[in-house]
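Colleague: As a plain string of letters, each chain reads:
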Amino acid sequence: MTLPEPYIEDDLREILDGVSDPEIPVLTVLQMGVVRSARLENGKAKVQITPTYSGCPAMDVIGDDIKKALKENGYDAEVELILSPAWSTDWITPAGRTALEKYGIAAPLEADADKEALLGNKRIVKCPQCGSTNTILVSQFGSTACKALFKCEDCLEPFDYFKCLK
Amino acid sequence: MEKLTDYIIQIADNSLILGQRLGDLCGHGPTLETDIALTNISLDLFGQVRSYYQYAAKLMGGDANEDTIAFLRKENEYKNVLLVEQPNTDFAYVITRQFFFDHFHWLLQDKLQQSKDETLAAIAKKSIKEVSYHVRFSSDWMKRLGDGTEESHQRIQQAVNDLWVYTDELFHMTEADQEMLQNGVGVDLSLLKDTYYERIKSVLEEATIEIPESNYFQKGGKKGVHTEHMGFILTEMQYMQRTYPNMTW
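If you're matching them up, the sequences are chains D and R in order.
The opening position of the first sequence corresponds to residue 507 in the working numbering, with each subsequent residue numbered one higher.
The opening position of the second sequence corresponds to residue -6 in the working numbering, with each subsequent residue numbered one higher.
So that you can see chain D by itself, here it is in the shape it has in the complex:
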């Protein structure tokens, strides 16, 4: 599937890259793929964001943080929440995936592999601590709506796995 590339105006990119996800602070909102467009119209910044999950409580904060960051840089901003097209874990950028892993959250697998892992059929989710794939599912639902809880059977550390959403 080809993904709709978000349109981010160059002048706004740097500012938005300074806004982090409140629940996964090592990721910026751009790396997370929740900013779908950011453009300047008559000196005013218009930003469209989309939620990862419908009930994601971080969305309100993300909207406020974006407005605040733009304001600090002299832009009045309007943030609009859009639902379509629906967010997908494919929209997490490669840099975002690396940041997730470094932070201790296993990055999402492809859809088929994800299903196998979440059904407990295959041990394929890589432990972000020691790199072993000898890991087991503890719970399909983790600390936030977007994650599942896993445990590494080698280093015995529990860790979050970012669920595939397509």
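Here are the computed lysine-lysine pairs in the DSS-like style, where the Cα-Cα straight-line distance is at most 25 Å: (1) D:621 / R:104; (2) D:628 / D:608; (3) R:-4 / R:216; (4) D:628 / D:657; (5) D:552 / D:577; (6) D:573 / R:51; (7) R:122 / D:621; (8) R:118 / R:51; (9) D:621 / R:136; (10) R:118 / D:672; (11) D:574 / D:550; (12) R:104 / R:194; (13) D:632 / D:657; (14) D:672 / R:104; (15) D:621 / R:194; (16) R:136 / D:628; (17) R:122 / D:672.
These are computed hints drawn from the structure, not numbers from a lab.
In this text the structure is predicted, and so the values were computed from the model without any measurement.
Position chain R against the provided structure of chain D, taking the given hints into account.
Modeller: Below, chain R alone, put in the same frame as chain D:
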């Protein structure tokens, strides 16, 4: 326009009331993992409800907003099915209620993706991804409990027997359903019924749970006639807004 609003609210109310029921379990789940799972599902449902109510409020105009719709209606103005208001009797009931609802919810959202109404289609495309996880969670637990110990089997069988009477109402067509079906916005629920029962029966069989044979079914919620549980849910849910109107935090 009025029928469209009715239609949106009727769909959303199921998620609101079930979400509220699941929210009751926050901190009271049988284990930490199930507690987190059930409240996560609750959160997904509330997220979907917000999208629906915000859309309905826009259509209604005036002072309506998502909060007035959620918190300031009277009992007979809520159009959720009776199934979702049934109490958290024990874990077996929580899971069975979820299981019966999730499979319906998935089939409904699947069809709503093709709705001529762009907003409803967008909400469905978003929701169905979340509901897929719900279906998997509740179906897995049906199997674990049904094919588990003698005690868990007996309890889940009891829950299935008791809640079975609320499944048929999921497919009742209200006036709003009829009208929205005609203009391409809504879904013909009667066409989902066979697939629904096939799917849940296949899980129940795998779970070694007997399928109830009763042909007697309860109805009323979609017309605003609720069971005795509904008043208690609303009392707790609406308490703050009724006591301190317009409060925010």
